[in-house]
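> Now for the letters of each chain:
There are 2 protein chains.
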Amino acid sequence: METVSTNRAFEGVQGVYRHESATCGCPMTFAVYVPPQAKDGPCPVLWYLSGLTCTHANVMEKGEYRKAAAEHGVIIVCPDTSPRGETIANDEAYDLGQGAGFYVDATEAPWAPHFKMYSYVTEELPALIAANFPADMNRQAIFGHSMGGHGALTVALKNPGTYRSVSAFAPITNPIAVPWGQKALAAYLGPDQSAWRAYDATALVEDGSKVPEILVDQGDTDNFLSQQLDPAAFKTACETAGIALTLNMRPGYDHSYYFISTFMADHIAWHAERLTKG
Amino acid sequence: METVSTNRAFEGVQGVYRHESATCGCPMTFAVYVPPQAKDGPCPVLWYLSGLTCTHANVMEKGEYRKAAAEHGVIIVCPDTSPRGETIANDEAYDLGQGAGFYVDATEAPWAPHFKMYSYVTEELPALIAANFPADMNRQAIFGHSMGGHGALTVALKNPGTYRSVSAFAPITNPIAVPWGQKALAAYLGPDQSAWRAYDATALVEDGSKVPEILVDQGDTDNFLSQQLDPAAFKTACETAGIALTLNMRPGYDHSYYFISTFMADHIAWHAERLTKG
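For the protein sequence lines, the chains are Z and R, in the order given. Going by my numbering, the first sequence opens with residue 1, and the numbers climb by one from there. Going by my numbering, the second sequence opens with residue 1, and the numbers climb by one from there.
Just chain Z, same shape as in the assembly:
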């Protein structure tokens, strides 16, 4: 692992790091904020998964997470959203290929050799974090935005013992039913839609995956709300399954980092409460 940069912020350290990922078969860059409390011992880890087109840098620069992370003593890890490189498969569209990994393990050509973001964020990167940072890996939580909200929800639902809490900003809650998800899941997983259900938060809940509670914030003037993000089916699935979903519809908020940063401190406080109990 190579250190790209470190900057002191809110008495902790915002770092950017790069490593040769065996899972993705290419160098991967990620950001880690270590709060000041780490000098007194390992801190819980809150994973932030980003949305379409983003790298690790977008939320690091615009997400305004450091103040709350430093207050609550939480490490924040921000992975990239896909493998990247000139020799890696790509697509001209913003919603497929590089910058659009959708947190799945691809099985189809030309994506399968490198697009293993599910394994990357659930296995390889956690092992690297555990080995190199003052992280208490028994206290992990996960959140994300849009495609990364989809990632956070599915990763948490598929690994119910691993993450103490899960939340999302404007998540894609039902990718098998919307254009973004249908395009990406068909490309990465092939035409058999039964394989898609393993990466769809609504389907996972319908099929029996469970977490005790979920926090979602969603802007009601988000351009993508009706076509890509509509949380109605997910809400119904959670109600049926007995999952306590808190769905905050936020009047006048859009899909941008102005929205994310507004509710960032609330989400970090919510996770911190669950990460520091017991």
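It is worth saying that the hints were derived from the structure and are not from the lab. Any given hint might turn out to be false.
You can't tell identical chains apart in this list, so a pair holds if it fits in one copy or across any two.
Below, in silico cross-link-like pairs of lysine to aspartate or glutamate (EDC-like), each with a Cα-Cα straight-line distance of 20 Å or less [what the hints assert, rightly or not]:
1) K277 <-> E108
2) K277 <-> D40
3) K277 <-> D136
4) K183 <-> E239
5) K210 <-> E239
6) K158 <-> D207
7) K39 <-> E71
8) K277 <-> E71
9) K62 <-> E11
10) K67 <-> D266
11) K62 <-> D254
12) K67 <-> E11
13) K67 <-> D254
14) K183 <-> D91
15) K235 <-> E86
16) K183 <-> D105
17) K158 <-> D105
From a predicted model like this one, the values you see are computed outputs, not experimental measurements.
Use these hints to put chain R onto chain Z, whose structure you have.
Using the frame of chain Z, we list chain R on its own:
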């Protein structure tokens, strides 16, 4: 005045606007955050002047000022750092010309026709803000970073009745004595160094300009500290003049937005206390 974009944030509105500046002779873009308190009446205005290479956008995206502005009910205005355009004079260096206006009114060719940033931020833009936003122009304050810290200090010292308070992050406090300032002031104002003193915070204080108090935060591992920012002469001048300078040296902090954002809320709270008194 044209609205480029608006985004809801912290229950207020972050906007970006463009107008034809008569002072600069070109279109100028600026950012304004209007806090939620504006629905109940005019709010005080806190000006943020940015540093070398920046536009209005850098601090808007990375400065993390909206949360504190919304808590305290303060409008934040972020101008650009120079006139811009293909027909406007420029220099290949990052520290002269476009992106490096130094908040002076240039008198020398080729800069004089457009590089009037002092008049722009003290006259034209305030009039535009007063006419178009719910701003209480009797309650103004100013701060900035690096070159913009220089701008804030000199603008406040030259207009002692206009700004109730002034602060800076890592300001250039003595431009006539350091390479950045010597290069820019020689280019914009010509070889007669007596003209430079009107745009040098230390010289202004030495020559009798006065404000009651000044807040400065400075990282002690800032790469530019020894060569460009050394506040010693300014500190001495303030002591001699009876100006209460609070100079916080911050261990381990650099010159970046990670530093600025860390202390942003402190500065806004400090200004708000002075803006909401009386």
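> Against this structure, judge whether each hint is valid.
Quick rundown of the hints versus the structure:
With identical chains, the CA atoms of K277 and E108 are never at most 20 Å apart, being 42 Å at best within one copy and 65 Å at best between copies. Taking the shortest Cα distances, K277 and D40 sit within 20 Å of each other inside one copy (18 Å), while across copies they are farther apart (41 Å). In this homomeric assembly, K277 and D136 come within 20 Å of each other (Cα to Cα) only inside a single copy, at 13 Å, whereas the closest approach across copies is 46 Å. For the identical chains of this complex, K183 and E239 are neighbours neither inside a copy (28 Å) nor across copies (66 Å), given an alpha-carbon limit of 20 Å.
Proximity of K210 and E239 under a CA criterion of 20 Å is satisfied intra-copy only: 12 Å inside one chain copy versus 65 Å between copies. In the homo-oligomer, the alpha carbons of K158 and D207 lie at most 20 Å apart inside one protomer (11 Å), although the nearest pairing across protomers, at 69 Å, exceeds that limit. Taking CA atoms no more than 20 Å apart as the test, K39 paired with E71 passes inside one copy only; the shortest distance there is 14 Å, against 31 Å between copies. In this assembly of identical chains, K277 and E71 lie within 20 Å of each other by CA distance solely inside one copy; the values are 16 Å within and 29 Å between copies.
Taking the shortest alpha-carbon separations for K62 and E11, both the intra-copy value of 18 Å and the inter-copy value of 17 Å come in at or below 20 Å. Taking CA atoms no more than 20 Å apart as the test, K67 paired with D266 passes in both settings, with 12 Å inside one copy and 12 Å between copies. For the identical chains of this complex, K62 and D254 are neighbours both inside a copy (15 Å) and across copies (19 Å), given an alpha-carbon limit of 20 Å. For the identical chains of this complex, K67 and E11 are neighbours both inside a copy (9 Å) and across copies (19 Å), given an alpha-carbon limit of 20 Å.
When the C-alpha separation of K67 and D254 is checked against a cutoff of 20 Å, the pair qualifies only between copies, where the shortest distance is 17 Å, while the shortest distance within a copy is 23 Å. In this homomeric assembly, K183 and D91 come within 20 Å of each other (Cα to Cα) only inside a single copy, at 12 Å, whereas the closest approach across copies is 47 Å. Proximity of K235 to E86 under the C-alpha cut-off of 20 Å is found in neither arrangement, the shortest distances being 40 Å within a copy and 53 Å between copies. For the homomeric pair K183 and D105, the shortest alpha-carbon distance inside one copy (15 Å) is at most 20 Å, but the shortest distance between copies (55 Å) is not.
For the homomeric pair K158 and D105, the shortest alpha-carbon distance inside one copy (13 Å) is at most 20 Å, but the shortest distance between copies (62 Å) is not.
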